[in-house]
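Given only the sequences and the hints, what does the whole structure look like? Please build it.
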Amino acid sequence: MANSIERRDVFKATAAAIAAAGATGAFSLSSTDAAEKTGSALADKATILFQGDSITDAGRDRKQGKPNDSRSLGRGYPMLIAGPLLRDYAAKGLTIYNRGISGHKVPDLAARWQRDCIDLKPDVLSILIGVNDIWHKLNGRYDGTVETYETGYKALLEETMQQLPETRIVICEPFVLRCGAVGDHWFPEFTQRLEVARRVAEQLSLERVAFQEMFDEAIKVAPPNYWAGDGVHPSLAGHALMAETWRKTLGI
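In terms of full-length UniProt numbering, the numbers along the sequence shown are unbroken and rise by one, the last being 252.
Worth flagging that the hints you see were computed from the coordinates, not collected in a lab. Computed from a predicted model, the values in this text were never measured in an experiment. Among these hints, one or two may not hold up.
As the list claims (entries may be wrong) - What follows is a list of derived Cβ distance ranges for each label pair:
1. 225 with 248: 23 to 31 Å
2. 185 with 118: 33 to 41 Å
3. 159 with 62: 21 to 29 Å
4. 229 with 103: 16 to 24 Å
5. 68 with 237: 35 to 43 Å
6. 69 with 112: 17 to 25 Å
7. 248 with 195: 33 to 41 Å
8. 235 with 103: 16 to 24 Å
To be verified - The calculated lysine-lysine pairs, modelled on DSS-like cross-linking and capped at a C-alpha distance of 30 Å, are:
9. 154 with 66
10. 220 with 121
11. 63 with 45
12. 45 with 92
13. 45 with 248
14. 121 with 92
15. 121 with 45
16. 248 with 154
17. 63 with 92
18. 248 with 220
19. 66 with 121
20. 63 with 121
21. 137 with 63
22. 45 with 66
23. 121 with 154
24. 154 with 45
25. 154 with 137
26. 92 with 248
27. 66 with 92
28. 248 with 66
In this text, a Cβ means the ideal position worked out from N, Cα and C, and glycines have one as well.
Set out below in structure tokens:
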């Protein structure tokens with residue numbers, strides 16, 4: 001394979017992932033009620049919140065915590081989404097937060113949810129969680145099961161929907177690539193957690209960003225370690241692909 005990856009080939013991979021996911025409903029809403037929350041334009045003064053673990057955290061300055069701030073947004077996909085959104089919707093006065101915290105799992109989100117989500121009253125809430133729920137189990141730091149992941153995640157989402165009924169909630173698929181830390185011992189349990197995220201999104205009629213399908217297509221263009229050196233944390237190219245796919249999925 002050539003040392004350089006043609007930009008058009010990367011875009012082809014993204015387009016293929018989105019097209020494939022669209023064929024299975026991965027990028028569509030499951031109900032009319034949810035569909036009414038979508039649209040190509042963001043509302044004036046809309047607040048967007050990114051939640052998750054280290055993939056979302058991406059080295060952000062947690063002491064700052066300011067919206068629309070490069071240090072507070074980190075060096076990953078939230079920053080790569082926020083910059084263009086703030087440019088493209090400059091007249092709308094958007095407020096964009098990153099509240100991802102490295103190492104966090106579903107129970108950790110639940111413990112800080114009031115402060116780091118409900119109190120911020122987001123109009124758009126994007127959640128990427130799940131990889132630590134298996135990684136920490138594999139290294140002996142956590143004893144959660146697929147069942148506790150599903151129960152806890154669904155309860156958190158239902159609580160959010162009750163307290164923030166107008167919020168557009170977006171479930172980002174947890175993902176891994178087979179390289180670095182990720183080997184055969186991750187499966188089939190990782191796949192079971194991925195299926196949980198998909199199932200919960202379907203059951204609650206929430207939007208889903210098909211990151212696993214996206215990376216499955218991307219590795220046809222470049223090897224897994226090009227997109228995520230350790231199989232979990234995306235490279236700059238991986239984060240850029242995530243940002244593009246996120247925006248295309250939401251249509252904003």
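To see whether the hints hold, each was checked on the structure:
1. 225 with 248: 23 to 31 Å: holds, 25 Å
2. 185 with 118: 33 to 41 Å: holds, 37 Å
3. 159 with 62: 21 to 29 Å: About 24 Å separates the Cβ atoms of residue 159 and residue 62, which means 21 to 29 Å holds.
4. 229 with 103: 16 to 24 Å: Because 18 Å falls inside the window, the suggested range holds.
5. 68 with 237: 35 to 43 Å: violated, 25 Å
6. 69 with 112: 17 to 25 Å: Taking Cβ atoms as reference, residue 69 and residue 112 lie about 20 Å apart, which means the hint holds.
7. 248 with 195: 33 to 41 Å: The hinted range 33 to 41 Å is violated for residue 248 and residue 195, with Cβ atoms some 23 Å apart.
8. 235 with 103: 16 to 24 Å: holds, 20 Å
9. 154 with 66: holds, 29 Å
10. 220 with 121: violated, 40 Å
11. 63 with 45: holds, 24 Å
12. 45 with 92: holds, 6 Å
13. 45 with 248: holds, 21 Å
14. 121 with 92: holds, 17 Å
15. 121 with 45: holds, 12 Å
16. 248 with 154: holds, 25 Å
17. 63 with 92: holds, 27 Å
18. 248 with 220: Satisfied, since the Cα-Cα distance of roughly 20 Å is no more than 30 Å.
19. 66 with 121: Measuring from Cα to Cα gives roughly 15 Å; hence the hint holds.
20. 63 with 121: OK: residue 63 and residue 121 at ~20 Å, within 30 Å.
21. 137 with 63: OK: residue 137 and residue 63 at ~29 Å, within 30 Å.
22. 45 with 66: With Cα atoms ~16 Å apart, residue 45 and residue 66 stay inside 30 Å; holds.
23. 121 with 154: Given pair residue 121, residue 154 holds - Cα atoms ~19 Å apart, limit 30 Å.
24. 154 with 45: holds, 29 Å
25. 154 with 137: This hinted pair holds, its Cα atoms lying about 20 Å apart.
26. 92 with 248: Status holds; Cα separation ~19 Å.
27. 66 with 92: holds, 18 Å
28. 248 with 66: holds, 26 Å
Violation of the numbered hints given earlier is confined to hints 5, 7, 10; the remaining hints are satisfied by the structure.
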